[in-house]
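Quick one: dock chain against chain with the hints and give me the complex.
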Amino acid sequence: MNSFSIALKNIKKSRKDYAVYFLTLILGVAIFYMFNSIGGQEAMKSISRSTNDTISLLVTLIEVVSVAVAIVLGLLMVYANNFLIKRRKNEFGLYMLLGMGKKKVSKILVGETCIVGVISLGIGIFLGIFGSQFLSIIIGKMFELDLSGYRFTFSMSALIKTVINFAVMFLAVLIFNTATVSKYKLIDLLNADKKLEKIKIKNRVVSIVIFVLSVAALGYACVRVGFYGSKVTKDEFIACGFIGMISTFTFFWSLAGFIFDVIRKFKKNYSRGLNAFITRQFCKNVNSSSLSMALICLLLFVALVAFSTGFSFRNYINERLGKGATPVDVTVKSQDEKVTDILDRNGYKVDEWAEDYFEIPIYYGDQVTMGTLAGNYLDEAKQMFRLAKWGSPEGVMKVSDYNILERKFGREEVKLEGNQYVIISDFELLNQFSNKAMADNNFVTISGIDYYPAESAAREEFMMLSGIGANLGVVIFPDEVICEENGFTAGAYLLAADYKVKDRADRLEVDDILEDKLGIEIDEDGDVVGSVYMTTKNAVVDTSTGTTVMVVFIVLYIGIVFIMACAAILALRILSDSIDSVKKYEILSRIGVTKHMQRRALFVQVLLNFLLPLLLATLHTYFGALYLKELFRALGFIKVSGGLLFTVIIMVVVYGGYFITTYVNCKHVINLD
Amino acid sequence: MGKVLEVINAEKYYGEKGNITKALNDVSFTVNEGEFLGIMGASGSGKTTLLNCISTIDNLSAGKVLINGEDLSTLKGNKLDAFRRDYLGFIFQDFNLLDNMTAFENIALALSIQNVKVDEIEKRVKEIAVTLDIEQVLEKFPSQMSGGQKQRVAAARAVVTKPSLVLADEPTGALDSKSSKALMESLKKLNEELNSTILMVTHDAFSASYASRIIFIKDGKIFSELVKDENESRKDFFEKIIEVTSVLGGDMNELI
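So the protein lines, in turn, are chains A and B. Residues in the first sequence are numbered consecutively from 57, following this note's numbering. Residues in the second sequence are numbered consecutively from 7, following this note's numbering.
Bound conformation, chain B alone (with noise of 0.2 Å):
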């Protein structure tokens, strides 16, 4: 298995000298392909950072990000868009669909813009939908539809093009918790079916129990490590995913 995503010591200061916040200190770690990585963290850990910089969106102070070898420190202005379109998968917590286009168009717009021809997307579009049971809704607006079918929507636009990376963060944000199942079922399929790897950011413990790998980040450190066993069933993972964000939360009541 190649290595999908490389972090390198990435390392990223706020502040000026003297009054210097570390928002990431020192983390380093590797996606392999068709992973499916959760990273956990309380607000304020450094998590979004670390997402930001993965997606070419911030920059590190130091260290570096690899994505399929290559190192995004080096990429610049339409060539950082050019990558970005096609090497990687956005699903947001707050969908960020275009109201004025259907679920179709939503889906297909990732497609015209790698200059995909007509049948092509046609055919990939709807295969997805398939994949993520969204066929029913592919004419609607977002306005005509619930959070989980946008969110699944945004999905399919996130792995239609198979990127080399999909980053989601919190992806279930801003869903009940129905729709944050079968979302989260979505995306497994998605990881298991068709192999895409998957970067998730979330808070959630339910969310993050459908992962393979998780990364807990507190204070900019990556603060330990769970991998899931292949035997192991979801709900015993959920447990020990329970048991260290508690202790995340313990080490943070010390504090008060």
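Chain A extracted, bound-state conformation (with noise of 0.2 Å):
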């Protein structure tokens, strides 16, 4: 017999030992596969007109990811090999003792390898053609997108990649192998299941001690973070994630040390059963992987908070283009001259396209600045950001004029009783100023003449289309106020109007010819040049849905890796722990313990190691998210929990799925079946 043959009988014979290593490397190339094959497809081309920036963007966007996600499904892979190698050290030592030679069973290892490579490329490449086309559909459907070119793709580059990354990684493996072979004992292997287990025992004070200061420390970064996140500067951010991490760690460690106990003191549970029997395997599992356990931790609230804010946003902006973003089909900002002057000039007549508009003139005058708006916090402000221009002068606007926008736009309109202001600026960063000096009753003083805010805070609404916030704003006062005798004049005029035309493919012509009659250039970087600044329904819808289906992929991508890799790591090391406990097993059957009983305490084992670290990254995520949405609160981005749905059902399928797996597999290899 030949060692290819050797390698493909001891396949054959043991794909159950194969289960979670062959899922875990079907999993990571068909992932590998769907991303990298996403520049083909369909659903992308549709997106936007400018389909190639974006698209090439993700693509580069992906290939970086790629490979963090190539280098963390490598380190799997040793790892997942390295536990089978484990359970077949008496095989090997039989083989050797037979007489075989290292080298040879090295060569029975390669073929192995090579065999499992093979087979889980190619059904991993298989899957992932199917679920590349699946998940171009969800894309579509997610956002709405036109698949009415779809047709089946198919990535050569991607699979390329995926077999050259794969191949790398094989080797990576076969040459790990081969050094883990050559390093055995024979004795060693002869023995490796007659090996008493050593308990260490840690000092119960020490892991109180530490214990108590890591929830405290955790504890603090959490609060800290979660609910004054609007505090937060950014090195007392990193600081705070430092803390995390690392009481995170010291967490599992300490707790090793008298979780045991604790448990112990609720004696009628614990001597109920196999209960002492489960608290000591359980207990054995957090002492000797209290390190892989926080590792898994962290993974997890990565994930989950990628997820679930990454899903918050799509769900953000949908919303947002939905309801009001874009009551308008243009919105054009000019300053000096007057749009539709220049219109005219550029024989494009307003009433030739426009079928309903309006232009609005802009005030700048030095009485009012931003400065002024931020009141007592100037200084505060001025520290926050040193670079805006506190000094020059803010934008201001009759009432009677904003309000033929608020009517337009079907908002609420601004209603101003003596000498009053009100705040528009839906840029959260600078508007945290000014609220707090209107919450205080800032006046702005105009010719001696005190103003007070009408509104309590500014009032978040744009006046320029955009897929997220970030316009800059401006002070609404009464229509007397603004006049040449106070220093105000017209510095900007905004134009907003509605196309004759209905259909977004006559739509988009118009914006072409909008653009080309406004003079409007755009330099290399994509900025505009000149003074004309226009935006459209169409780029609106067009940016937020690439900008989304952007974060959306990445944090799909990312979010799934880790999630597998974190099952795959808890699956491989509660196998590699119940290969150990098989003999425990064997024992509690002589003494009478029945199966059935037996198959609860390993299930009761295996949920409490998966639910662990799960629960400590899902308090974790909970705060994350909380500074996330205070973060993003700047960009008026407010839910966080849109995404909680969809990260339930990825737990679900992933996680789920390899808790599963474990179980089955570990029933078969205590031979509970």
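Keep in mind that the hints are not guaranteed to be accurate.
Distance ranges between label pairs, derived from CB positions [stated by the list, open to error]: (1) A/Ala-235 with B/Ala-68: 50 to 58 Å; (2) A/Leu-664 with B/Val-136: 54 to 62 Å; (3) A/Leu-671 with B/Gly-8: 53 to 61 Å.
Worth flagging that the hints you see were computed from the coordinates, not collected in a lab. Note that the structure is predicted; figures quoted are calculated from it, not measured. Ideal Cβ positions, reconstructed from N, Cα and C, are used throughout, including at glycine.
Okay, here's the thing in structure tokens:
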């Protein structure tokens, strides 16, 4: 029998042992292919007119992320493979005892790795090809894209990338295997299953002290970041992240030191049935793998935060696009010259193409600046945003002018009573100071008359169409205030219009003509040169969708790979533990514990192992999401819970799938089938 | 005295038609309550097969095993597990202690799987620990104990549930002579003080000499039986055993 046929037989024989390894490899290959093939997907092509830009950016991003993913998967493979070798030490020992020599044993392993590699690569790519179509459709549905041109696609470049990547990984595994086998001593191989377990006992007092400290540190970091997110500076945030990480590790480490004593205090439960056994097994797991548990917890945390915020981002964008983010077809802002004048001059009169339009002036004067609006908080604001020009004039508008826009945009009109003002801005970062000032009833003095805020906070409203927030604001004053005597002159004009044509293609045509007639030039970086700035409904929808699709893709990619990696590490660790526990279950059988009870004990043990890191990660995620919510508030992005359902689905499918595979596999290892 | 164990015409065959090995060939005996029975025989004599059939791990090809009058062949699946849990206690050559649990927990486990109450568990474990002189190791893990201590803990686990029958398979097989002696003294104490019924399989004449009756098995059949007289010293009984085993051995030599 040559080594190849032995290898083939081995794999056939131990398919069940290979289950987790196969699952991980196949999923890894499939995901890798799916995301790398995204560039050619039909759904992507209909995202936006500037397809190439968006897609090439996405492809680059995915390539960058793929490097990280490849490293994670590579490490995972080595780890998984290590587990398989451990399981088979006895078998290798027997080969060597029969005079096979390490070279031949290595050869068998090479054969096995190759067979496993080819099979999983094949199945993985097959699944990936179908999965990518599925992904395309899901993304299409998610963003209501035009999928009429949809056809089955296959990406050669993704295939080549996947094959090369995994070939390199398999090579790494091969080298690792050969190195491991050549290190083995025959006696250790043969006695592999007879080794006595060593029980490391940690100092209880030290453990409890460290535990209390890490819970306190974790609590501090969580509360600081979660509830006071707006006040946390960048350095502080990094410090909190660092504290969180360290204390997660110490949490698991110290937990192992005394958790057992705590559980044992509940004597009644502890001495019922197999509970004592389950507790001992579980505590041993926590003890021997506190490091990997903490790592898993952190990886899960990253994945969960990415998921929940990534998907709420999508919900937010979709919601905004749906709810009055694009009340008109086009908005144009021009410095100095009226928009209508420019168009008249260039022979594209507004009446020709617009069904309904208005143009309102924005005034500027030295008496109203960003600084005056910040009131007593100017110093604080200056410290935070050193580059902002706090002394430059802020745009002001007549209340009657602005209410034309409010009516057109379908929003509540501004009402001023006497000497009052209202700030319009959806740029939260700056709003935070003016809002505080308004809360203090900060008055603005114009030519000796004080004007007080009519509303308690800035109105988060936009004037130019924009996918996400970030309009700089204007201040609304009574009509009579804005006059030349008070130093206000019209410095800019805002035109908003609806097209006569309604069809998307026709509207795109008008967009193009307008851009040309307004003389808008865009430089290489995509920035507008000149004094006229235009945003269209089409562009807003396109860029919003493009950005969101990108965010969702990257989040999906990283999230799924991370969750998979976590689940796989957990699964392998539990499996390798269960190999060590075979004897224990045999003893249980002998003293008369029924198979049913044993299966229950195993189930609880596997479940606890999967739950503990998830529980802490969920807690982390809660606070992390609170912080991100605070952070994104600047962009007017409020709801974080939106991605929850999707996160739960992914978790149940990937994490749950691994949990079940692990349990079934363990049952097989322990002969409880 | 009631009969705890009845083995009636037990037969066990291995192999296919025309090539049958009889591991047990018409073996019959009974064990009464409070008895300490030793079963001796060379390797391959069938003593392990017999023990496996009594301990419900294996089935007979023909014949019956009754424990407390209950026919083992009528028990299946979970009922069989429950029977083993409730009526039998085991002591193995290689201890079979759970090495991630303390001695106390190992002993208590046998009770907790029978859903005995916590207070009762603690009381009974402590009692048996006193009897077997293992109180000082109760909080230790198996890796921290000597072989003799481990085996006494295993013995404690076997008897703490007050089983009808304790089955011991070469209990001194992995022990040095000093520990062997201590263990056998303990088993004898259990037999005498707690009235435990013990069935011990061994090929060691020294261990066997602690029994009150010995059945010798050879080639699947009962070869002879020795009963210890009440006034007989263990030393005399030991010499008798040696005599029988030399005959057993002698017969084996004839085969060469």
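Now for the hints, and whether the structure bears them out:
Between A/Ala-235 and B/Ala-68 the C-beta distance comes to about 57 Å, which sits within the given range of 50 to 58 Å. Judged by the Cβ atoms, the range 54 to 62 Å given for A/Leu-664 and B/Val-136 is violated: they are separated by roughly 36 Å. Separated by about 55 Å at the C-beta atoms, A/Leu-671 and B/Gly-8 satisfy the suggested range of 53 to 61 Å.
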